[in-house]
Amino acid sequence: MLNSLLPSLLPFLVVLTLSLWVIGAIRRVNMWRQGQDNPVAFFPAIKAIIPRYLNDLHHVVERDKYISNTHVATAGGFVLSMVLIILVYVFGLAPEILGKLLLASLAMMFVGACFVAKRRINPPSRLSKGPWMRLPKSLISFSLSFFILTLPASGVISADAFGWVLVVILSAFSFMGLTEMLFGMTWGGPMKHAFAGALHLGFHPRQDRFNGGRSTGLKALDLNRPMVDKDAKLGVEMPADFKWNQLLGFDACVQCGRCESMCPAFAAGQPLNPKKVIQDIVIGMSHAQDATTEANYYGSPYPENQGVEVKDHKGDMHQPIVNGLIEPETLWSCTTCRACVEECPMFIEHVDAIVDMRRFLTLEKGQTPGQGTQVIDNLIATDNPNGYNPTHRMNWAADQNLPLMKDVKRTQVLLWMGDAAFDMRGQRTLRAVVKLLRSANVEFAVLGNEEKDSGDLARRLGDEATFQRLANANIATLRQYHFDMIVTADPHSFHVIGNEYGELGGQYKVLHHTTFMNELSESGRLHLKDDLRGKVTYHDPCYLGRYNGEFEAPRSLLKSMGADFVEMERSNFRSRCCGGGGAAPITDIPGEKRIPDMRIDDANATGAEIVAVACPQCALMLEGVVTPRPEIKDIAELLVEQLVIQDAAESNKQTPAEVH
Amino acid sequence: MPLSQLTTHTLLSLGKHPLSGRTRRAEQDAKAFELAAKLGQCLGLHAGNYQDADALKSFAGMSIAPVCILEIEQSSDPVAALSAYFKQTKSDIILTGSQAERGESSGMLPYLLGKSLDLPVINQVCEVEQTETGLNITQALPRGARRALSVKPPCILIIDESAPEARQTAYGAAMRAEVGKLQGYNEADTDAANFNFEDARKKPKRMKKIKAKTAADRFKAATVSQAKGGQVIEPKTSQEGAEAILKLLKEEGLVKTN
Ligand code: SF4
Ligand code: SF4
Chain A
31 MLNSLLPSLL PFLVVLTLSL WVIGAIRRVN MWRQGQDNPV AFFPAIKAII PRYLNDLHHV
91 VERDKYISNT HVATAGGFVL SMVLIILVYV FGLAPEILGK LLLASLAMMF VGACFVAKRR
151 INPPSRLSKG PWMRLPKSLI SFSLSFFILT LPASGVISAD AFGWVLVVIL SAFSFMGLTE
211 MLFGMTWGGP MKHAFAGALH LGFHPRQDRF NGGRSTGLKA LDLNRPMVDK DAKLGVEMPA
271 DFKWNQLLGF DACVQCGRCE SMCPAFAAGQ PLNPKKVIQD IVIGMSHAQD ATTEANYYGS
331 PYPENQGVEV KDHKGDMHQP IVNGLIEPET LWSCTTCRAC VEECPMFIEH VDAIVDMRRF
391 LTLEKGQTPG QGTQVIDNLI ATDNPNGYNP THRMNWAADQ NLPLMKDVKR TQVLLWMGDA
451 AFDMRGQRTL RAVVKLLRSA NVEFAVLGNE EKDSGDLARR LGDEATFQRL ANANIATLRQ
511 YHFDMIVTAD PHSFHVIGNE YGELGGQYKV LHHTTFMNEL SESGRLHLKD DLRGKVTYHD
571 PCYLGRYNGE FEAPRSLLKS MGADFVEMER SNFRSRCCGG GGAAPITDIP GEKRIPDMRI
631 DDANATGAEI VAVACPQCAL MLEGVVTPRP EIKDIAELLV EQLVIQDAAE SNKQTPAEVH
Chain B
44 MPLSQLTTHT LLSLGKHPLS GRTRRAEQDA KAFELAAKLG QCLGLHAGNY QDADALKSFA
104 GMSIAPVCIL EIEQSSDPVA ALSAYFKQTK SDIILTGSQA ERGESSGMLP YLLGKSLDLP
164 VINQVCEVEQ TETGLNITQA LPRGARRALS VKPPCILIID ESAPEARQTA YGAAMRAEVG
224 KLQGYNEADT DAANFNFEDA RKKPKRMKKI KAKTAADRFK AATVSQAKGG QVIEPKTSQE
284 GAEAILKLLK EEGLVKTN
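Protein chains in written order, with this note's numbering: chain A, 31 to 690; chain B, 44 to 301.
One chain only, chain B, in its complex shape (with noise of 0.2 Å):
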């Protein structure tokens, strides 16, 4: 397939930051255009209320491609409408995050929306290159292994933290930009309307002293490593293993001893 055909859609969705809870652009959605940025005909999509366009025109800031709103009702159901929109809308490549930032945040609408479509999804994707048959893609596999896969299009990508950085939001283009607006795809959200929200809570973590008191100590501390003591132990019986590790838990203190 000649490069110019393709077509690409990536999916947008509104950020939260962490600690401030202030609307941003979603970090891994903005990578995913970042991605989209070398992958033909490109057009950024956002299912949800035409009232936060001034917030995505974070993504427009980007200069990569257009952003459009697919407008919502708060109760539809965005992976109904996004499939209503696709069905008639060709695309060859749709791009997603893996998770978004507020919301149900569950993950599951590009595992969705290929049901719906019957696509294939790709997941933990960090690199995309074209090749005259298709896509050469480069998955994330734990501990920074890395899986090439070649796919034909369509299909549905979703990004991998290790994807590139996404670029700066130019606050001049963001400005000018104008997000358009697609109209009638509402569909009430059925599973939605039986759910119970409630604020995630955060598990405690450990915390670590910080004796240093100046720049260079903090320096020294943060340059010179910090390991200290430990020993390889290479057991001969699974049972010695075992009693290596519960005798470390019970000095940590995360194993009670009776």
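Bound-form chain A, shown alone (with noise of 0.2 Å):
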């Protein structure tokens, strides 16, 4: 009886367990389709898993080589084996090839198996522990468990060496391993990130963020919705007002915490933690689904959050999410600096999430903190964050002598000042680039007072009406004029301008003034000596890299100055922010450190006497570090430094030449 049983167990087994995994399945599809619609076509999505995985997300993986390798072993393994044990096991289908095929898989998923287990021998802080612990125990177990039974089944031994008990026991722990794998890929256990995480590479809010695409604007957001609909809000309230495809990336996550690592806000002790943000969502909008989510976080928490528990935190898919699951301020320590982004194994976009929900504060309830409100208010009333009086904005050129798009109508670099304009050291930069653009006899003309703040600032404080005022004047402003280029020394501007103003009607070429002066160097334009004293690191701006990919032409301008130039620990695309962006600087929350000053920490441990910056805003920032600090200087600032004017009568000449 029971002998006759037997053959018929495991594959009982593994079509229950996959039965539970389909229904798991449809569940979880429906309740990531609770979230508000944002089409993406099925199939192309569908068909782009695959390729995402294999570059993109592979990229991103093999950073750390370790895991790269034992994922590629692990989930390889997993997925080939999966396939052969329905097929050898429920369709009966060629058990002697096919059998050893599956050996050989299983033998590699174990082999990877292996290496999660040593991973989490002494697992960094970042990792989450609790169910994520026992992972490798049923990796271990499903994959061996299988590989015994299956020794007989293809034919590698006598189809009767095991007794019953053994097989009962083998059968057993491979139904722990079916569990773990197939019933917790879309009941909620860890596994869940396979099901979860393929789904939204194909159908990511950001489509063109793959394939080296860099997608890192902001999107509008639709201000006239409230007046159509009484009942539509601005901005993320609960989990179901994030998009669906937003909610699928966050059910993704692996907590795998290189977001936490990366990030300076939870670096300085701040109440932030990108992880758990995610996490937090994630409890929100499954609680009620898996029962195993409910506090079921066992990651780092939040720094400094003045006595909330991680176990406190609940919420659901229709409740307000700050004060239920995220504490205000958690979301206003973000600096937006995309290092979680930039580092996540998943694609998922925190920014995005954390500005989502910004505006809902801003827009909606009106609680904006800090000097959050007032900044806001100066905006409005003054199209600067600092309030000064809009017709003051060309005061610092008082002795410049700079052409006014206004007279002139028409010219080839139109130079964005930027609210450094306002601001004493901003203007130094400012100075500077101007004594180039002069030097390299650029034609060129500012905007002046017609000029208005970019909008990033009101825009990341999630204040979206503001922002679209600003960009919209800004726009029927530029709309008057002919220019080849916008050069800015600004990386804010930059970005907003080049990347943002595009969705409400504005498309210009945009340059940071760096990526200018590299061209003028390298075409010959600019003449540079090439003693520059001291040794010097760089400081890559968040907007600059990691938001616009140009981490090359400030370095190829400090070596061609000649630069004695070490690189920071951190830098390029893992640069550590400054602390300035993302308005955190407005809403100002406390933390045990300052985000400037462990970046000046980083550029101590080189050893640089020079701080090479390439943004007012982090000019600021460094600059504001208690002395002895090595000095900050703008790359344009060093560029003057390093000018050979050739003929003085020549660079004060305004002829008009081609740059390319």
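If you're looking for bench data, these hints aren't it; they were derived computationally from the structure. From the three backbone atoms N, C-alpha and C, an ideal C-beta is built for every residue, glycine too. Zero decoy hints are in this set.
Using C-beta positions, here's what the derived DEER-type ranges look like:
id, chain 1, residue 1, chain 2, residue 2, range
1, B, 95, A, 502, 18 to 26 Å
2, A, 594, B, 293, 57 to 65 Å
3, B, 177, A, 534, 52 to 60 Å
4, A, 262, B, 161, 45 to 53 Å
5, A, 257, B, 161, 40 to 48 Å
6, A, 509, B, 223, 36 to 44 Å
7, A, 64, B, 242, 56 to 64 Å
Pairs of lysine-lysine residues, derived as DSSO-like cross-links and limited to a Cα-Cα distance of at most 30 Å, are as follows:
id, chain 1, residue 1, chain 2, residue 2
8, B, 251, A, 465
9, A, 482, B, 246
10, B, 224, A, 260
11, A, 565, B, 263
12, B, 254, A, 482
13, A, 395, B, 59
14, A, 623, B, 263
15, A, 465, B, 254
16, A, 159, A, 148
Negatives, chain A to chain B, calculated, CB over 10 Å:
id, residue
17, 125
18, 128
19, 149
20, 197
21, 346
22, 507
23, 581
24, 601
Hints are included, so try docking the two chains, each in its own frame, into the full complex.
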């Protein structure tokens, strides 16, 4: 009796867990669909999953070689094994041949699983514990038990080599493995990341992020919705207000904590941990569904979270997130530096999510914290964040005799001044830029008092209305004039005008001053001495580097000045934020340390005497660090110091010339 | 008087940003509205043109109370209109700012209204609290001094600068809000018809020289006490004191030496 049932035991378990997998999958998809519409074409999305896994995802995972190899072995082994298990055990297809293949793939998975287990012996703090500690055991039990059971099935050893007791025990282990791998995948275990992650790759809300694309501009909000539909809200209040594929993305989080280890606010002890933000939303949206997720978080908490325990975070798909799942201070600590997004192997968009929730707080609740309210009021009344008289924007250039667009109408380069025009530190950089442009005989002009704040600050503060007003006003001004390109020394304006005005109808060629100066230097129009003294390091502004991929031009300029150049440990796409982005200095959420202090520590570790910067905000933040510290100089200032003025008369002449 | 029966009106006017001249919610009126938030049933009232409804939404976006426009002609007297309105509609508390940011900006409105309605007017109010029998009011006196008053409504309260900051206007709430309209209160302003308006002139201000070059220098300049020199004089006679003052004024070039 027992002997006759045994052979069907394993197929039965496989079919059982597979059916549960299907039911769970339908439930999960329905859960995500409670989010807002955001159509992505179905078949192209499905088709894109595998190439995106192999190119884009693997590229990110590969930054940790250990885990990328482990993942290929384990995941590849599992997928292959699962297909073969179905063929061999459920359909009984060619057990002799496929069985041997199955043995090979199980062996591969087993090796991978052992490496997963090794990583878990003494896991780094960024990794979540709890059920994640169980995963390697499940992987091993799945691969090993199936391996042994398949030995007789594939004819490697005699069919009745095992007694029934052993078969039952082995089947129990395979069932354990199957439960983790299949049931857990759609019902809320660690393996959930595979199901949600694969679909997220295909249905990602930013389709142009893949294939080497960079999609970093925030998406516009339809501000007329509340007028048309009284129930519609601006921004995200509860999990169901996110787009459905954002929810899908959050569900894909593997709790690897790579975001956490890169987050400057987390390192500064501010109450923000990007991984926890994502998990809080996940707890909210899925707790009704997954019996296991209630307070099911075993990673690092938010630092400094005044007495709020992880388990106190409660919410629901249709309950407000803020003050239920996430404290407002968490959202306002973010500098929008994108270090987390850049590092996330699951391509989760933390910054979009955080800004979505900020939008609700600002636009619907009127709860912008700190100086935020004042800054927004100033932007509304005076078009600059500090409430200076808008007719004084050009005062800094009283002695510069700058051509105004209003007069010339047409020019080659429109120099975008930014709010640095109101700040004495920023004005020094602007003067340097003007001097460089003149020395290279570039035909340029400025908007003067017609220029308004780019809207960057308002947008990061969640005030989409003020952003769109400023953007539309700037676009209308720019429309009156003819120019080949905009050049600016402010990476925030650079990003916003270049990547975020487009959606509102403003398409421009925008260059950061370092890019433009590098072109001038390479084409021989800027003559530089190559004897820059002192050791120099370079701090990548987030909005130039990670947001726009410009890492090379500033470095190449420094090298052409003959700098003794050293890189900080965290540089290029992994650069640490100066703490000045995303309106963080305005909301000013306290932590244990200050982000700019940590950045100066990074610089000190290199022994550099000069930190070259390329952003007025970085200059302010880093120069605000107490001395002794390296000198902070904008690249434009260094260039001016190294400038060879060939012929004074020549350089003062404003002869237009070609630039490429 | 039990709490729920109090009715409050806050008089709202349109402000004007001092630098850009842009229309905004008048700051003091917003503070008055903020205080009204905890005083029973409230209505925000603006005597003026209904064309300004959109601009008044910045008050509605505070989500404190509905906002209504008492529609009057340009040439009408708002005091007369408001007074007519309040004679019909009972209000226990009328909250106002102390001075409008545009128009005549005389600061007389609450007093004229008090006179016409025969209500007590309390100025410089920075805090109001409701009690069993009336209101506990904190009045702001010069140099940070405070005076506690207990007042029985009905009354008119004029807000002081030092009243708590007004909350932020939420864009979404403002856009969704509907501004009400009340009509039939026109009364010609005979006084204003003869007024001659001209732009106010600013008093010249002494310039401060800023020598700091770096953010760090400026930080130092802003934080380290600037007081230099000076001396404490304890004059024995008034003559001596007057001489010391005169000497200083001469040094500062504020009094010409002959
Ligand atoms: S959000 Fe991304 S980087 Fe952060 S823990 Fe989750 S998967 Fe890892
Ligand atoms: S954007 Fe930067 S500050 Fe914000 S959560 Fe990500 S890493 Fe942290």
